[in-house]
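Student: Based on these hints, arrange chain B on the given structure of chain A.
Chain order of the listed sequences is A and B.
Note that this note's numbering numbers the first sequence so that position 305 is 305, with each residue one more than the last.
Plus 1000 on top of the position in the second sequence (first one is 1) and you've got this note's numbering.
Don't take each hint at face value.
Stated by the list, open to error - Only some residues are given here: those of chain A computed to face chain B with a beta carbon under 10 Å:
1. 185
2. 295
3. 311
No wet-lab data here; the hints were simulated from the structure.
Because the structure is a prediction, the values reported are computed rather than measured.
Even for Gly, the Cβ is constructed at its ideal location relative to N, Cα and C.
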Amino acid sequence: MARDLSFRFATRYRVVWLALALIVALCAVDAPTVFHAVSLQLVFGLAGVLAIASAGQLLVVMLGGIDLSVPAVMTFAGAILVHQSGGHDGRLAGAVVLALAVALAIGLVNGLLIAVVGLNALIVTLAMSGVVGGVSLLWIGATYSPSGEVPAAIAKLAGHDVGPVSVLAFVGLGVLLLLGLALRSSRVGRSFVCAGTNPVAARVLGVRVTLYEVGGYALAAVLYAVAGLLLAGLLKQPNATLGDPYQLGTIVAVALGGASLGGGPASFLCTAGACVFLGFVDQYLQLKGVSGGVSQLVNGALLVLAVALVAVGARGRALLAFVPTTLRRIRRAGATS
Amino acid sequence: MSTETDNALELEQVSKSYVGVQALTGASLACRRGEVHALVGENGAGKSTLIKIASGAVAPDEGTVRIAGRQLTRPSPLLARRLGLLTAYQDTSLVPGLTVAENVVLSCHGVAQMGFRTRPGRAAEMLAGYDLPFAPSAVVADLSPGARQLLEVVRALLHRPRVLLLDEPTAALDAESIQRLEALVDGALQDGTAVLYISHRLDEVQRIAARLTVIRDGRIQGTYTREEWSDVGNASVDDIVTLMVGERTDLAFPPKPGVAPDATVALDARGFRGDGFGPVALHAHAGEIVGIAGAEGNGQRELVRSLVGLRHGKGELQLAGEAVAIRTPAAAIRHGITFLSGDRAAESTFAELSVMENGTTAMRDQLGPAGLVLRSRQRAGFARAAQALGIVHASPDQPIRELSGGNQQKTVLARALLRPGPVLVVDEPTQGVDARARLDIYRTLRTQADDGAAVVVSSSDSAELEGLCDRVYVLSRGRVVRELAGEDVQEATIVDAFVNARGDSEETTTADGRAEPARGALRGRLLGSSWLPLGVLLALIVGLGAYTQARSSLFLSDANLTSLFVLMLPLAAVALGEQFTLLTAGFDISIGSTMSLAVVLASFWVTSPTLGGSILGILACLGVGVAIGLFNGFVIRVVGVVAIVATIATLGILQGLAIVLRPQPGGTIGFGLTDALSAQIGFMPVALIVVVALAVLAELWLRTTSSGLRWRATGLAEEPSRRMGLSVDRIKILSYVLCAVIAVVAGLLLSVQLGVGSNSVGSDFGLVAFTACFLGGAALTGGRGSFVGTLVGALFVGMLTNVTPLLGWPEATSRTAAGVLTIVAIVAYAATSSGRVRLGGVWAGRAEAPLDPTTATTPEAEMLASHDAGTR
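The following block holds chain A by itself, in its conformation from the complex (with noise of 0.2 Å):
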């Protein structure tokens, strides 16, 4: 049984836990303000958040791509959000379910020219962010409503706490076991990362790779919408930066969760560790007090980090090898001369 779970938990999905036991630990001894209650629920907050968007990522990811439209779909979604409701309660719901169905729409698109089409999924989602960034002035303008406040009712709900921990970490922890146990626990999400895993090899075992494939784009979509609008709600007041931080946040957290960047299984439950450390480091940093800009740089840093150690891994032998060749060559080269 013990062999099995080591198996089943391998060492790639057991990094972010150290991350995290490491961050936390920091945190205790030079930053103890990090746990009162208005900070934690911030960083569960802000993790809930990111957990929501990353799932989406997630899939694309596991199906071999890579999203670059999370931004503009999240600020797109709170966009509508305040312009559709006008900041009232009666019309949240409406508002709601039309950012939903946007996004659905947004999702769709990017999956049927990706799958069917035959695009590269960079170009049609980084083409598809400008369109949904133009679109979004076009029809909503840089502001969304005479008061630009969201309805009462979603900013209660995401500023909610249980305790220390905001309701949106329960909500983004929710979404991601949901989808995970989904995808172990049903044909239809063992046949997603099976094509994600090795398309070819799916389609021998006759599953519709194209189907899942415009399916997963179409669900990241909704998911990055459902982001947006919980971050709107918590925001209070969205403006065009809501999703900016999002694209280089979720490859980050999906990264350190252990994913394969080249498709093909994943742990969600790890990307939402990932997203509970990239909270603390982000607290960590405001309450040093240093400036919003060494937190992307540490984001960036960690991307290198965990792509680079994934790498390594996976070609260890090249790369150990690449060493002692280029010193052999020097030598060489010194011999002759």
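Tutor: Just chain B now, with coordinates in the frame of chain A:
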């Protein structure tokens, strides 16, 4: 250095093993000047490993290679070429996206003066004497496989090599081309070239080879002169076959009970044909194991994949007497055909998933109600199969990639066991599988047949077919040349059938290229050309300009034109930089933040009021650009991180740095730089004139120089470029450096427009730079697009921003349009290139299963093939 000997190529005691599998053991071979030396052996005997070592593609573990008396001191295709050894590969080292002439020029690398200019005219002259059935201006992708193979040989002969390696040169040739090829080889012999001729076809070898070496299981079995084996006639040909086949193996195959006389025909194909094979007729009875044999690359792979819906097959196909059409694997499964591929990494295993997941993927309703997968049932099902097949594994949750080849193959076989069907199609059942596991696999296949399934086995191992099959079809050049049954199913008979198969490729396999209508080729060239996007763009620019001018006379005013040009200046620069990475099939999304960082750095370092005083600061900024490019290049090419992920990380780091350095806008860009970059001649900024001039120069470099050609080749096809000895990694890393440095220049151009240091001004340039590149005809697959096209693309994107206020359109229109246009541009590109797929039949689309032999000759495939030999 040793003196000139008669031996142009000498291999001495060469050994090579892959992960514990011995592919070559102490192989020695000498190839004389002016002589054809044939190397024959069965599939997986070690021929391809030997070629790779001789041509410098792979390092031997032991032993030496000498070319014209000089030792090949390191594994380098370039060095081997310089020493005078050229190779004509079976799957060619041509770059499909280039023309015949360009491929010829490229082949001069390392062996002849390429010259600074490419001069296609000279290539045409070089080819003129060979009377080839295609024009030098033809695109290689449009040629038939036979024409490509002929070109590959001619391209090596052009350079009068000391040693010429011909790897199965006639596999795709028709009778006329074979004659032509043999005449060419004769000509080369007159020049004193030594030819190492690798072939399966003993009739060809008999005609042209002076000596013959037999290789089996990685060991040289002996070398014979023509007198020793060809004069005595057929008796000694049989001896050669015996040498190739070797001792009878003592594997205990399961007994063949024989097919019941009243057995129904489960699978019946008539006039069945497709790309690379046919028409063939074959059938299989229930309870029968039918083999498909042949030398590698004779259509077996294509035939099998067409039977199971992975490729498109035409003709009549009946299952249990009922005509069916199978166009997808899903349809094949619905009709009860199970396909198990021995190309495990590509087609059958999910490397990262557990052995249990891999074994139970074919189980459906058995796994649980309502579409659920119950772990308990999964475990039980897998345990049953693992027991029956003897799958050795540490835990059901162990990833399948950690298992040995044999256990992986058994796991794949478990799928058929857990979900038996009336027809089982197996391709290469024991490739890379150890002897013990082979027996389990043979036993299982026989059990499936005994239980009533019709089993079709395609294998390159003739001994295996002998032991396993009730009946065998032997394929040569896509056609069934022999059907063996009963006592005739013997390894020697099978090998004899395909080594002595005469004749040539039929129209069906080679005609697709030659018979292509001229108009189709013209259309393909036009649509695939880099000038088409340019033409479309110019038309759009003129149209939009005329429309805007008609609505607002301000458009063509000097003031507006200046503002348009100033606006497009940084964009044009950064897009030109990105074009360098796209050209080499790279990708850099960090350009926007590189620009931001350059603006911030300039606000610290470039503050002098004079240009002279700014030089150091400017150089420092450019130095940072070099560092960024090297970092990207290192992480992507050396560490092996996907380009998008690596450059997104760089983007984050650079953006963070910019914010840390300038949390608030501040600092002043010095007048020295500002004055220099803002100078104007009339309404035209001088800097833009310089950028345009540089773009034109870059375009000339790309189109007319040999180094530009090398860059395009690297972007279009990495593996062939490597075979030609190009330094692929160096070119690709250099492209990231160029891109980052140019992004810094673009940042400096932007900084003088702003006057202050600001930390995120570049971020919007990322998307529009890609838009400009793609509008100009670039593609992520590399090698496409043009610098002038990118420049015009930037002009168009700049114009969109410029005209929106003049036309009274909302500001965001241009942003939306940029995104939409990017998608339109790549859809248009995909449409034209898939048009080429239909015409040329070369560029495998997403829908086709990977069949290109180049993809199959990975080190792993090589290892598997050698493993196959090693365990026999």
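Student: A separate judgement is required for each hint: does it hold in the structure or not?
Tutor: These are the hints, each one checked on the structure:
1. About 5 Å separates the beta-carbon of residue 185 (chain A) from the nearest beta-carbon of chain B, less than 10 Å, and the hint is met.
2. Below 10 Å, beta-carbon pairs count as interface contacts, and residue 295 (chain A) has one with chain B at about 7 Å; its hint therefore holds.
3. At a threshold of 10 Å, the smallest CB-CB gap from residue 311 (chain A) to chain B is about 4 Å, leaving the interface hint in force.
Every hint from the earlier list agrees with this structure, and none is contradicted.
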